[in-house]
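K.L.:
For reference, the chains in residue letters:
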Amino acid sequence: MKRIQPISVFIALLSALGLCLLVDLTLGSVRIPVRQIPSILFSADADPTLRFILLEVRLPYALTAILVGMGLGLGGMVMQTLLRNPLAEPFILGISSGASLGVVIMSLGLGVQWLSATGLSSPMPAFSMVTGAFLGSSLLMALVIGFSRRMDSVMLLIVGLMAGYFSYGVVSMLVFFRSPEELRTYHLWTLGSFSGVTWRDLPIIASVTLGGCALITLRFRMLDILHMGDSFAHTVGVSVARERWILLLGVSLIASTLTAYCGPIAFLGIAAPHIARLLLRSHSHALLLPASMITGALLSLIAAFIAKAPWSPHTLPYNAVAALIGAPVVISLLFNRTSLRRLSQE
Amino acid sequence: MMQPKSTDSGALLATLHLEIGYDKDPSRTWHFDTPLSLEAHPNRLIAIVGPNGAGKSTLLRTLAGLQQPVAGQVSLLGQNIHQLAPPDLARLRSYSSTHLNRPQWMSGREWVALGRFPYTGWLGALDARDDEAVDRALHAVNASYLSDRRLTACSDGEFQRLIVARCLCQDTPVVFMDEPLAHLDPPHKAEMISRLREQAHKSSGSILISIHDIDLAFRHADEIWVLGSDGSFTQGMPEAVLESPVLARAFRTSQVTFNSRTLTFEANPEQLQPLVFAGTHASRHIPTVHLLTRLGFRPVSPSDPSATDLPSLTFQPHPDGTPEWVLKPANSPTPEAISSIEALAAKLQRLPTSGNAS
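Protein chains in written order, with the working numbering: chain W, 12 to 357; chain S, 185 to 542.
Just so you know, these hints were derived from the structure itself, not from any lab. Keep in mind that this is a model prediction, so the values were computed, not measured. Cβ coordinates follow ideal geometry from the N, Cα and C atoms, glycine included. Mixed in with the good hints, there may be bad ones.
[Said to hold, decoys possible] Footprint (simulated), chain W over chain S, 3 or more residues, beta carbon under 8 Å: (1) 265 to 274; (2) 284 to 294; (3) 441 to 455.
Work out the full structure: start from the sequences and follow the hints.
P.N.:
Rendered as structure tokens:
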């Protein structure tokens, strides 16, 4: 296969993203003509209903989807590179389940009945939610990374999975004794949703995600080197332990924040990096990291649009939709063996 | 290029009472007869030889600062290696092993250029000097033609040369390479080791390699370090090491012994069946000796006191002038004339084992 120029890949991805954003903003239970969008955005005398739908519902929803896709796409790429394992992603390493644990413990500890409050619309004080999620995921992350110094990547993955199961066990125990109503609300949270995010939350999500992405993307050279293995990285002068901490903390920050607001989101973290790699056919993280972010955003937006079920009054669970899109992608990638075999440690 | 500074003794690398291994796993800690106090001087290609499991790789990794010593310390150009920050260390020593992933879609040149990491900024942009260093390293291992080839399209031997080039490209006074000749074919092995020696002399540095090809090590290295399976350690010029019995002892197994004259491993004499061998025929002598050795016989001179009880092999010209072998099994009065070496091989293999052989 001939290699496509990276610049054309980026142009194509960005155009697709723009197109999807436009479709997402215009289509839904109420149709907003594309031509009216500028006037709704910039002039005060537009139809207030349309204005509300666009500004208060669709725009935050779409922006959240884009941020989630960016953050998890990038996080997946970093995890796959650091662990040299094609199946690594924040969720698989237990970071997301750590975040769930943090959220649940925080809500119990604070005595806030957030589970039974107002459903998915950000019932818990945002700060404590994010703090809980961040502490939980950092705890899991520290545990996994603490082990990482003395084990190979396959063992690390198993430890991550076990830590994830363990924290899910704790979460299930804690939630089990709550009322059925709270249980259902918690269950809805685990399905993933962007509809709870409002303009009040977006600055936090955006600054954490964009800041984390920038922090990680600027270290693309380190990722290039770390991909070759710890020994090699040490040989050419990388402080391996320090870099790994910085990168994993960045991923943890992003993954935990996104999980706190949107629930544990699976699949994006695996699918986006592989698609980016196949499109670019490059080893350079200077290209792979941005491509993974854009691909993640694109996939996320598509899944979010389908989850909205614009042909019906219902909303579908985001994780179910993402899995229905993501699983076939991952399976089809399995058949493209070279991409996976080369990535896994020989 | 960084000019090597040296310590008072002139050594680039020195160790003090070093013990190597894995702290938490006593079965993987090597106990040398005495803690190692080593020195590596400039302008040297140093070959570390020793049997499998003698600790060659562990020693290299410890000297390169990739693993903590169990005891003692390593200093590089007078500085304790474990007190140096990784970026500073990377400008003083480079290290390569054969256990490396080949990143997909990377070219040979991009791979070698990774060795410039310690000298480039966060963007990783190569300036003219870096480009020149990459060219030089590729040229030094005769791998310039691999510049644009993808790593995944290189053979194991070609990738091995790129691994060495990557290591040289780091431009350090001390270079450690774990089995740089692995995967290379015999002519390329000989070429590579002589190029490494040339490189050590040209850069006034020390290159330390572990190597299994003893003959090449003794023919090309400036200095030999021998790690024995018995915990012995010896260092010296190849000739000095050859003179002493350490090598034969270090490598001895129940089956083979090192022959320091031929630089090869030969079956232990007691494993061989004695056979009286006399008479020479210019064109048949060498193949006959080769055949006897290969089939596990030890030629004994006819004047040896035990000669009477042993089978014997002689040459005898045939009446028509072609040479023939005459084989007389022990305890058999009838010698047998044999005209082809294939027939001789068959007869020798059917020879009853004599009582002397163990």
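K.L.:
Counting residues of the stretch 441 to 455 of chain S with a beta carbon closer than 8 Å to any beta carbon of chain W, are there 3 or more?
P.N.:
violated (count 0)
K.L.:
If you look at each residue in the stretch 284 to 294 of chain S, do at least three have a Cβ nearer than 8 Å to any Cβ of chain W?
P.N.:
It holds: at least three residues are needed, and the stretch 284 to 294 of chain S offers 8 whose Cβ sits within less than 8 Å of chain W.
K.L.:
Counting residues of the stretch 265 to 274 of chain S with a beta carbon closer than 8 Å to any beta carbon of chain W, are there 3 or more?
P.N.:
Coverage by chain W holds here, the residue count being 6 at a Cβ distance below 8 Å.
Violation of the numbered hints given earlier is confined to hint 3; every other hint is satisfied by the structure.
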